[in-house]
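Top to bottom, those sequences are chains R and G. Counting from 1, one number per residue, gives the positions in the first sequence under this note's numbering. Counting from 1, one number per residue, gives the positions in the second sequence under this note's numbering.
One thing to keep in mind: the hints can contain errors.
Pairs of lysine-lysine residues, derived as DSSO-like cross-links and limited to a Cα-Cα distance of at most 30 Å, are as follows [stated by the list, open to error]:
1. K113(G) - K51(G)
2. K24(G) - K109(G)
3. K5(R) - K109(G)
4. K13(R) - K77(R)
5. K113(G) - K24(G)
6. K51(G) - K66(R)
7. K77(R) - K59(R)
8. K59(R) - K51(G)
9. K24(G) - K45(G)
10. K51(G) - K24(G)
11. K13(R) - K66(R)
12. K77(R) - K51(G)
13. K66(R) - K5(R)
14. K5(R) - K113(G)
15. K113(G) - K45(G)
16. K45(G) - K109(G)
17. K109(G) - K51(G)
18. K13(R) - K59(R)
19. K5(R) - K59(R)
20. K45(G) - K5(R)
21. K77(R) - K5(R)
22. K66(R) - K77(R)
23. K66(R) - K113(G)
24. K59(R) - K24(G)
Cβ-Cβ distance ranges computed for the label pairs, FRET-style [to be verified]:
25. T31(R) - P65(G): 22 to 32 Å
26. V64(G) - N105(R): 18 to 28 Å
27. V64(G) - L11(R): 34 to 44 Å
28. S7(G) - S25(R): 36 to 46 Å
29. P43(R) - E87(G): 35 to 45 Å
Please keep in mind that the hints were generated in silico from the structure rather than gathered at the bench. All C-beta atoms in this analysis are idealised placements derived from N, C-alpha and C, irrespective of residue type, glycine included.
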Amino acid sequence: QITLKESGPTLVKPTQTLTLTCTFSGFSLTTSGEGVGWIRQPPGEALEWLALIYWDDDKRYSPSLKSRLTITKDTSKNQVVLTMTNMDPVDTATYFCAHRRCSGNSCRGNWFDPWGQGTLVTVSS
Amino acid sequence: DIVMTQSPDSLAVSLGERATINCKSSQSVLYSSNNKNYLAWYQQKPGQPPKLLIYWASTRESGVPDRFSGSGSGTDFTLTISSLQAEDVAVYYCQHYYTSPYTFGQGTKLEIK
Numbered sequence: 001q002i003t004l005k006e007s008g009p010t011l012v013k014p015t016q017t018l019t020l021t022c023t024f025s026g027f028s029l030t031t032s033g034e035g036v037g038w039i040r041q042p043p044g045e046a047l048e049w050l051a052l053i054y055w056d057d058d059k060r061y062s063p064s065l066k067s068r069l070t071i072t073k074d075t076s077k078n079q080v081v082l083t084m085t086n087m088d089p090v091d092t093a094t095y096f097c098a099h100r101r102c103s104g105n106s107c108r109g110n111w112f113d114p115w116g117q118g119t120l121v122t123v124s125s
Numbered sequence: 001d002i003v004m005t006q007s008p009d010s011l012a013v014s015l016g017e018r019a020t021i022n023c024k025s026s027q028s029v030l031y032s033s034n035n036k037n038y039l040a041w042y043q044q045k046p047g048q049p050p051k052l053l054i055y056w057a058s059t060r061e062s063g064v065p066d067r068f069s070g071s072g073s074g075t076d077f078t079l080t081i082s083s084l085q086a087e088d089v090a091v092y093y094c095q096h097y098y099t100s101p102y103t104f105g106q107g108t109k110l111e112i113k
């Protein structure tokens with residue numbers, strides 16, 4: 001059974017850097033095809049994909065946020081860390097991490113299942 | 001970036017009736033080499049994370065009731081709930097995974113009439 005859980009600060013000040021950790025179990029990011037993504041959701045709004053890291057350390061970022069985002073993995077701890085610099089009140093959202101899934105011998109596809117419960121981050125002075 | 005547009009934004013359907021949600025991508029998400037549509041559907045209930053319903057546009061995830069079905073190809077896709085149950089009240093999202101960034105639609109809120 002795959003599970004993921006997000007952790008990090010619930011409140012950050014504008015201009016600060018946010019660091020979120022996704023701790024997972026049930027798979028390893030040393031296994032070919034595996035990946036973990038980050039998605040956020042402002043209160044009452046839609047989902048926004050942020051970043052994805054693969055088992056081979058390949059990384060993908062949302063172009064609109066790429067300059068502010070860094071995604072890394074620690075395979076020994078089964079963790080993925082997302083940092084977002086220069087936080088602003090508009091970045092207030094629930095941040096989810098999710099397991100990347102694919103299918104076939106070539107492991108094609110990048111849908112997400114399951115998801116963590118999410119962590120609400122508020123940006124306010 | 002591929003933009004995903006869902007319609008309608010909200011929908012009220014009577015119990016036992018059919019619910020249909022549409023999703024349109026700004027460019028085709030059909031990958032010619034494997035003839036697969038790179039599209040997924042999720043269900044999100046209040047206070048919960050999204051739950052995967054369908055991938056490859058029409059493959060139902062294990063454990064998802066068969067009243068949920070996905071169809072479409074290229075740029076136009078549909079999620080259909082054949083007989084609405086009370087537990088289906090939720091917001092539904094489509095997401096493409098054709099190429100990064102893997103964008104979501106704006107969501108469709110489904111309620112009981």
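Hint-by-hint comparison with the structure:
1. K113(G) - K51(G): At roughly 23 Å apart (the allowed maximum being 30 Å), K51(G) and K113(G) satisfy the hint.
2. K24(G) - K109(G): holds (16 Å)
3. K5(R) - K109(G): holds (26 Å)
4. K13(R) - K77(R): holds (28 Å)
5. K113(G) - K24(G): Distance ~25 Å between K113(G) and K24(G) Cα, so the pair holds.
6. K51(G) - K66(R): Satisfied, since the Cα-Cα distance of roughly 26 Å is no more than 30 Å.
7. K77(R) - K59(R): holds (19 Å)
8. K59(R) - K51(G): holds (24 Å)
9. K24(G) - K45(G): Judged against 30 Å, a Cα distance of about 22 Å means the pair holds.
10. K51(G) - K24(G): Holds. K51(G) to K24(G) sits at ~20 Å (cutoff 30 Å).
11. K13(R) - K66(R): Status holds; Cα separation ~20 Å.
12. K77(R) - K51(G): Holds, at about 26 Å.
13. K66(R) - K5(R): holds (23 Å)
14. K5(R) - K113(G): violated (36 Å)
15. K113(G) - K45(G): holds (17 Å)
16. K45(G) - K109(G): Holds, at roughly 10 Å.
17. K109(G) - K51(G): Answer holds: K109(G) to K51(G) is near 15 Å, not above 30 Å.
18. K13(R) - K59(R): holds (27 Å)
19. K5(R) - K59(R): holds (20 Å)
20. K45(G) - K5(R): holds (18 Å)
21. K77(R) - K5(R): holds (13 Å)
22. K66(R) - K77(R): Measuring from Cα to Cα gives roughly 25 Å; hence the hint holds.
23. K66(R) - K113(G): Distance ~42 Å between K66(R) and K113(G) Cα, so the pair is violated.
24. K59(R) - K24(G): holds (27 Å)
25. T31(R) - P65(G): 22 to 32 Å: holds (31 Å)
26. V64(G) - N105(R): 18 to 28 Å: With a Cβ separation near 25 Å, V64(G) and N105(R) satisfy 18 to 28 Å, so the hint holds.
27. V64(G) - L11(R): 34 to 44 Å: Holds, since V64(G) and L11(R) (Cβ atoms, about 37 Å apart) stay within the stated range.
28. S7(G) - S25(R): 36 to 46 Å: holds (38 Å)
29. P43(R) - E87(G): 35 to 45 Å: violated (24 Å)
The earlier numbered hints that this structure contradicts are 14, 23 and 29.
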